[in-house]
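Work out the full structure: start from the sequences and follow the hints.
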Amino acid sequence: MELRQLRYFVAVSEELNFGRAAAREHIVQSALSQQVQRLERELGVRLLERTTHYVALTPAGAAFLVEARQILAHVERAAQVARTSQGILPTLRVGIIDASYDSMPQILHEAQALYPDLVIHQVEVGVPEQYQQLLDGRLDVGIGRAALAPQGVASHMFRRDRLGVLVPRGHRFADLDAVPVEALVREPLLLAEEMKAPEFNQFTVEMCRAAGFTPTVYQGTVDSIRAASALVAQGRCLYCVPSSCISALPGTIWRPLSEPASFYPWSILWRAADDSDHVRAVVTCARNMSERLGWLPTADRTTS
144 MELRQLRYFV AVSEELNFGR AAAREHIVQS ALSQQVQRLE RELGVRLLER
194 TTHYVALTPA GAAFLVEARQ ILAHVERAAQ VARTSQGILP TLRVGIIDAS
244 YDSMPQILHE AQALYPDLVI HQVEVGVPEQ YQQLLDGRLD VGIGRAALAP
294 QGVASHMFRR DRLGVLVPRG HRFADLDAVP VEALVREPLL LAEEMKAPEF
344 NQFTVEMCRA AGFTPTVYQG TVDSIRAASA LVAQGRCLYC VPSSCISALP
394 GTIWRPLSEP ASFYPWSILW RAADDSDHVR AVVTCARNMS ERLGWLPTAD
444 RTTS
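Numbering (our numbering), first residue to last: 144 to 447.
Honestly, the hints are just simulated from the structure, not real lab data.
Mixed in with the good hints there might be a few duds.
[To be verified] Cβ-Cβ distance ranges computed for the label pairs, FRET-style:
#1 S390 to M338: 20 to 28 Å
#2 Y258 to P440: 29 to 37 Å
#3 D366 to R312: 51 to 59 Å
All residues carry an ideal CB built from backbone N, CA and C; glycine is no exception.
Here you go:
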């Protein structure tokens, strides 16, 4: 059994498509398929069900996937230990959803103060992909709503972020101190790109339904908050966003939502099996900053 076979199997399991997996691993599809078949022969079990229309994990494949991810993660950590012993600076790979949000930069600033030699690489990636990259060792820390976190990903909620709505200047909501959620009933709402932020879209839609209506969804998507704010500024739609990003969005006006007030739950995400000093430092910084800045009501501070 070779490590590359494990990587290829994990790639196919996550993509459920041999072509996309081959492109991700920078290998021709036929070679990747041969290596996965060789792995199955060596194990003596069928890991994948294949037809011309779909690829699916067998029960044995689903069980093996968990172990394969852990093996690859252990190998990566072993390599990091070896590099550190030779004086190579430690690195931390951090997933962020959008550079416009301010929580993670503040947390990483404190972590950097504790470990001045730590090299931090920030990767802008949606929460579903963060889960996958955490599990297979390509990320060390992530951020997002943890409601859909899979087994193997640990989380700690550190902020309940007031949700509001971005409106163009001159809009009838612009002069309000707060906008009742039910007032959005006749407004076209822009949602995030579904593949990148399904958990945020779900939160927004559920908030509207709790107020008694299904939102009118703007027929178009964007892949960043800055792009969303440009559409809002043009008067095409409104966009619900938490307060932690409003300083980065010129040309629009943000108003908090009320009746009821809504709060988006942010959590630090990490691989449950990862007990490294630098990951623990980020989690601790998030917890300490949350308490110092009052990001959570007292009743929520024990929630993970």
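Status of each hint after checking the structure:
no.: 1; hint: S390 to M338: 20 to 28 Å; in the structure: holds, 27 Å
no.: 2; hint: Y258 to P440: 29 to 37 Å; in the structure: holds, 30 Å
no.: 3; hint: D366 to R312: 51 to 59 Å; in the structure: violated, 24 Å
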